[in-house]
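Given only the sequences and the hints, what does the whole structure look like? Please build it.
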Amino acid sequence: MALSPPHTRRTRDVDATDDTHDPVDERVGVARSVSLGFQHVLVMYAGVIAVPLIFAQTMGLTASQTITLLNINLIVGGIGTLIQTLGLWKFGARFPLVQGASFIGLAPSLLIGQDYGLRYVFGSVIAAGLIVLVAAPLLGQVLRLFPPVVIGSVITIVGLSLMPAAAGWFGGGADSPDFGSAENLALGAGTVVLIVALYAFTRGAWRNLSILVALVVGTVIALSAGMTDFGDVGSASWAGISNPFELGAPAFSPIPILVMTLAMFVIVAETTGNMLAIGRMASTEVTPQRLASAFRGDGLSTAIGGLFHGFPLNAFSQNSGLIAMTGVRSRFVVATGGVLMILMGLVPKLGAVVAAIPPSVLGGAAIVMFGMTTAAGIQELARVRYEGTNNSLVVAVAVSVGVLPMAAPTLFEKFDGTLGMVLSSGILLGTVAAVVLNLVCNLRRTPAGRDAASTSHSATEDLEVVR
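Count along the sequence shown from 1, add 4, and you get the number used in this note's numbering.
Don't read these hints as lab results, they were simulated from the structure. Here the structure is a predicted model, which is why all the values come from computation and not from measurement. Idealized CB from N, CA, C, for every residue including glycine. Treat the hints loosely; a few may be bogus.
Claimed, not checked - Pairwise CB distance ranges, derived in the manner of DEER restraints: (1) Thr70 x Leu347: 16 to 22 angstroms; (2) Phe249 x Ala386: 49 to 55 angstroms; (3) Val444 x Leu227: 53 to 59 angstroms; (4) Leu114 x Ala412: 19 to 25 angstroms; (5) Ser228 x Ala201: 37 to 43 angstroms; (6) Gly392 x Trp93: 44 to 50 angstroms; (7) Ser396 x Val436: 38 to 44 angstroms; (8) Gly392 x Gly33: 37 to 43 angstroms; (9) Val221 x Phe249: 41 to 47 angstroms; (10) Val221 x Asp119: 34 to 40 angstroms; (11) Ala360 x Lys418: 36 to 42 angstroms; (12) Ser396 x Leu114: 37 to 43 angstroms; (13) Leu397 x Lys353: 21 to 27 angstroms; (14) Gly33 x Leu92: 23 to 29 angstroms.
Written as structure tokens, this is what we have:
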């Protein structure tokens, strides 16, 4: 059975009264919004809490300080998600983007924290967010550098770069003592099988909720087999919130601000890739104005987060895969997920329930979702004209460069600080390679008088003529 392309399939769950033609503006019922939004939260939960958890452990913070960081980063991620999905004046893309603490911001945060102290970490986060906010209109103009050959390469790299995380979860957690055990692998494989079965052989709600159903079933099986427990749920408090400056008032210094701003520029590049990926899946145009609004949203939510000890935010690539899986591209569904994130931050007991999902179950779901993101990139590359152009070279080099940090994680370990952080981002390396190669290799004129770079823009028209 052939799967229909994610960006062409429309969900049956759309409210019949919705008269908009843009898939991202579609509305679904309240109950369906909650269930679909909860899927998005489950998918990105591990990533959101990982950054503050690793930071707290490395910096030697107390248990209460660690809980504060975990809760506030859930709340800030939810606020950022609402800004990006619903929009606030010129802030936010009004796009189905899930925001969360970025791993890109982790390395500079640790670097600043160890050399300057906690107060300078959050001061630099505030400053970097404001800088991106101000520079957003200029940064939004980079969209002209992204013809389909670049877009397809970037989306493919985004999907492939997520696979190490999926593999780590699939084995039971990269740092777990039973990593790769038969039990973990069987649980992860069973999750994959259930998702495939639901997606391929059901329709409507069962198909759209295939990820959520598989996560629930996998967790129940793990609980019965003694592979997880809900003991932390009972000890978790019902309510908790962080006050501004609870870990100290922010402090500012030029060097920490510069380091964190460079990290934010990397995040901007990743946001561009995720925006383009979701735009293709949703058949919605990503304009320079919309991209600039997304950057303003990144900057505003990051600056707000810094006030409460949050970290730089970016759009989670994991959720692009979920959009590809379900075909539900409504920003209002993702906004519901943002509300749930805020509630989980305010009610730690809810967060403890989600934290009980075994990594291997999450890994099984991730394999399918991240693979769907890669498939969306391949579909975009299928639209590109290769004959008479250098587009094959652009794709070959860009994708290869993009997977280098994934294929050899220690390749750039001799580069410390900011340069090491930049080189470790496969999405950034692949994006830069694709943009530069497209500009250099496709500047020559074609016999028809058009430059080769522009031929990829008309690839869809060319395919229609062939058909």
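Legend entry - Distance restraint hint 36 to 42 angstroms, applied to the beta-carbon atoms of Ala360 and Lys418: Hint holds: Cβ distance 40 angstroms, inside 36 to 42 angstroms.
Legend entry - Whether the CB-CB distance between Phe249 and Ala386 falls inside 49 to 55 angstroms: holds (52 angstroms)
Legend entry - Whether the CB-CB distance between Gly33 and Leu92 falls inside 23 to 29 angstroms: holds (25 angstroms)
Inset, instruction - Check the following: the C-beta atoms of Val444 and Leu227 are separated by a distance inside 53 to 59 angstroms. - result: Holds, since Val444 and Leu227 (Cβ atoms, about 55 angstroms apart) stay within the stated range.
Inset, instruction - Kindly confirm whether 37 to 43 angstroms is satisfied by the beta carbon distance between Ser228 and Ala201. - result: Once the Cβ atoms are compared, 20 angstroms apart, the range 37 to 43 angstroms for Ala201 and Ser228 is violated.
Legend entry - Supplied distance hint 37 to 43 angstroms, evaluated on CB atoms of Ser396 and Leu114: holds (40 angstroms)
Legend entry - Outcome of range test on Cβ distance (Leu397, Lys353; 21 to 27 angstroms): violated (54 angstroms)
Inset, instruction - Could you say whether the range 44 to 50 angstroms given as a hint is met by the Cβ separation of Gly392 and Trp93? - result: Because 46 angstroms falls inside the window, the suggested range holds.
Inset, instruction - For the range 41 to 47 angstroms, tell me whether the beta carbons of Val221 and Phe249 fit it or not. - result: holds (44 angstroms)
Inset, instruction - Using the beta carbons of Ser396 and Val436, state whether their distance is inside 38 to 44 angstroms or not. - result: Distance hint for Ser396, Val436 is violated at roughly 19 angstroms.
Legend entry - 19 to 25 angstroms as the expected CB spacing between Ala412 and Leu114, which holds or is violated: holds (22 angstroms)
Legend entry - Assessment of proposed distance window 16 to 22 angstroms (beta carbons of Thr70, Leu347): holds (20 angstroms)
Hints 5, 7, 8, 10, 13 from the list above are not met by this structure, while the remaining hints are.
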